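Participant: Work out the full structure, taking the sequences as your base and the hints as a guide.
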Amino acid sequence: MNIHEYQAKEIFSAFDIPVPRGRMALTADQVERAAKMMGGRCVVKAQIYAGGRGKAGGVQVAHHPEQAHEIAKELFGKRLVTPQTGPEGLKVRRVLVEEPVDPSREYYLSITLDRNTSRYCLLASAEGGVDIEEVATKTPEKIFTLTIDPFTGLRPFQARKVALFLGFRGSLCEDCVELILNLYRLCLEKDCSLVEINPLVVTKAGWLLALDAKINFDDNAIFRHWEYHDMLDYSQMDPLEINAGKFDLSYIKLDGNIGCMVNGAGLAMATLDVLKEKGGEPANFLDVGGGATREKVAEAFRIILQDRGVEAVFVNIFGGIMRCDVIAQGIIEAASEKGCTLPIVVRMDGSQVEEGKQLLLESGLNVQCTDFLGEGAECVVRMLAQEK
Amino acid sequence: MSILINKNSRVIVQGITGKAGMFHAKQCREYGTQVVAGVTPGKGGIHVEGIPVFDTMEEAVRITKADVSMIFVPPPGAADAILEAANAGIDVAVCITEGVPIRDMVMAKRVINDSKTLLIGPNCPGVITPGEAKVGIMPGYIHKKGKIGVVSRSGTLTYEAVKQLTDLGLGQSTCVGIGGDPIIGMKFIDVLKMFNDDPKTEGVFMIGEIGGGAEEEAAAWIKANMKKPVAAFIAGVTAPPGKRMGHAGAIITGGKGRAEDKIATLTEAGVNVSLSPTRMGEAMAEVMKK
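Protein chains in written order, with this note's numbering: chain A, 1 to 388; chain B, 1 to 290.
Check each hint, because a few of them may be wrong.
[Unchecked claim] Taking beta-carbon pairs under 10 Å as the criterion, some of the chain A residues facing chain B (in silico):
hint, residue
1, Lys55
2, Arg119
3, Asp218
4, Glu227
5, Met231
6, Ala265
7, Leu286
8, Ile317
9, Ile321
10, Asp349
[Said to hold, decoys possible] Label pairs and their in silico Cβ distance ranges:
hint, chain 1, residue 1, chain 2, residue 2, range
11, B, Gly242, A, Lys246, 38 to 46 Å
12, B, Glu58, A, Phe157, 33 to 41 Å
13, A, Asp149, B, Asp197, 26 to 34 Å
14, B, Asp91, A, Ser104, 20 to 28 Å
15, A, Gln358, B, Asp197, 42 to 50 Å
16, A, Leu232, B, Asn225, 26 to 34 Å
17, B, Glu260, A, Gln306, 25 to 33 Å
18, B, Thr253, A, Thr293, 42 to 50 Å
19, A, Gly86, B, Asp91, 22 to 30 Å
20, A, Arg105, B, Thr253, 43 to 51 Å
21, B, Pro199, A, Lys246, 48 to 56 Å
Because the hints were derived from the structure by calculation, they are not lab data.
Given the structure is predicted, the values throughout are model-derived calculations rather than measurements.
Glycine included, C-beta positions come from ideal geometry on N, C-alpha and C.
Facilitator: In structure tokens form, the structure reads like this:
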């Protein structure tokens, strides 16, 4: 789960990780007021669920409150496009007004899951403010990697090694050690999949500061952090994906015109692959899950149909506990209520297959049934071509 | 015999009194598995469908001499259930549960690494040795006893592959669903090693997907050590980067974990990778002929 920079910084503060003074704003007037409170000069930062804002004009310095107002006015409501957002970009609804910071040095610090060792690992580099992936590729020796044993946690002596690697000495070294220990504590207590400070800076005045903050929460742990639900900014998410989430459906919108409904994530990915192989363009990824009920199937179908780009639907349900007649009922319910005339191809395998097929063929819908995956994909692509 | 489970395995179902636990305990027993006990804290002393339920794994293992556990405990308690199984001396723990927090699995894996317990999963369909025993949620009817070992990160995509193999007359020795999470017990490489040493397995089919580096790790090992033919399919060639495709572990991050890269690495290691999910069985048949 994603959160904004300003929210991440609030959490950093709560864990004694120093951040610049700042205030979140929802309107240009609020921005102007915040700028005044900051003493006039400030940085106006668009809050979106993606990085790369700087080059897209999403982070701008204002020299006085009226200028801050103008910058904000132009940003609010704008769709900011960065290399991380995709071509449609993300809408700017919130902005962070921050005191200007004069960094003398920039560093990189993060803690994330290392899948190879199944442990959290800390990455640190004196190359801050740049793309860490690039540093990892070009100059890997500039990155310090520390795999953390969950039995001991991150020990102070290990944090010291990191701080010394980064070139800190004296009291700044102690400050860095404390920051690192706090960051790990945050990562565990808040159930994060990623915490990242890029850049971590030393200001000209000699203080450590997290100039940017990124936190991703582990989706699987949200059940024990109910307050996270209130932190979500729905303006940053696709409305269909939000809807699907409410019904516990795994849905991702894509660009094509063939809607897909599959049971199982791996099979769903493979279904997209085979559609593409047969010359089709999938409109979405949707995993309806193993124990789906008729309601869930109906809801899944409705969500697929809500995508105006969908011109045909491919259902691939294989050998689960799900009864095929129940699946058929769910599809018929949703498709009929919308008066759906789109070509539908259903491939089902499991219990009550013949009953399910019978129901579909008698439903009056523009549906064809098939037993095989490849055949089904070819069929839906062909039906679509014939309609055109 | 094959690997991990067989007709002699004595299975405990942790979370047996829940809907999923109860349903699948019965299904596994119907398949022929020896389901000897269930564990649900607080429900010790009752019987469900004739299966005795205990409060703790320690007691259940002591009394029934069980050696395998199938875990249906919901996410908040799943990692603890894994630890309890390991503590009770279970040989193979199969955790079906999807949604176990990262922090919990980091700790569970750490404990498992130091114990004799083999963990499969979490977020997996389980393990089946066709004709002998099923410890999981897969449909028994698509499987056929034979010589192909199957190892997969997926559930239903595995069933698709197994059906294709069965239809071609290529039965399976053991099918292992290792799960779709970023932190799991046995990885591809661990299962491949077992298949390599198993006299009943003559070929292996691997099903991978985007995210992580497990397929690449396996490829390196296959190149250096594998004595038997391997075929594979990798799902997610069409997956957009940065999006979690259903499984917690199925995500391309920072350009890493792409299907194309896994396909290339496996091919380079001598694995026959099918480029279509419709020709998985065929890919296996091709290399079995040689």
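Participant: Taking 10 Å as the limit, does the beta-carbon of isoleucine 321 of chain A come near enough to a beta-carbon in chain B?
Facilitator: Nearest chain B Cβ about 7 Å off; hint holds.
Participant: Taking the Cβ atom of threonine 253 of chain B and the Cβ atom of threonine 293 of chain A, is their distance within the range 42 to 50 Å?
Facilitator: violated (33 Å)
Participant: Holds or violated: is the Cβ of arginine 119 of chain A closer than 10 Å to a Cβ in chain B?
Facilitator: holds (6 Å)
Participant: Can you verify the interface hint for glutamate 227 of chain A: is its Cβ closer than 10 Å to any Cβ in chain B?
Facilitator: violated (16 Å)
Participant: Is it true that the C-beta distance of arginine 105 of chain A to threonine 253 of chain B lies inside 43 to 51 Å, as the hint says?
Facilitator: Since the Cβ atoms of arginine 105 of chain A and threonine 253 of chain B sit about 28 Å apart, the hinted range of 43 to 51 Å is violated.
Participant: Could you tell me whether the CB distance from aspartate 149 of chain A to aspartate 197 of chain B stays inside 26 to 34 Å?
Facilitator: Cβ of aspartate 149 of chain A to Cβ of aspartate 197 of chain B: about 30 Å, so the range 26 to 34 Å holds.
Participant: Does the interface hint hold: is aspartate 218 of chain A within less than 10 Å of chain B, judged Cβ to Cβ?
Facilitator: holds (5 Å)
Participant: Have a go at the isoleucine 317 of chain A hint: is there a Cβ in chain B nearer than 10 Å to its own Cβ?
Facilitator: holds (8 Å)
Participant: Tell me if alanine 265 of chain A is really an interface residue toward chain B, meaning its C-beta lies closer than 10 Å to one of theirs.
Facilitator: With a closest approach of 3 Å, the alanine 265 of chain A hint holds.
Participant: Do glycine 86 of chain A and aspartate 91 of chain B keep their Cβ atoms within the hinted range of 22 to 30 Å?
Facilitator: violated (48 Å)
Participant: Quick check on a hinted range of 26 to 34 Å for leucine 232 of chain A and asparagine 225 of chain B, using CB atoms only.
Facilitator: Once the Cβ atoms are compared, 47 Å apart, the range 26 to 34 Å for asparagine 225 of chain B and leucine 232 of chain A is violated.
Participant: Does 25 to 33 Å hold as the CB distance between glutamate 260 of chain B and glutamine 306 of chain A, or does it fail?
Facilitator: Cβ of glutamate 260 of chain B to Cβ of glutamine 306 of chain A: about 32 Å, so the range 25 to 33 Å holds.
The structure fails to meet hints 1, 4, 5, 11, 14, 16, 18, 19 and 20 from the earlier list, while all remaining hints are met.
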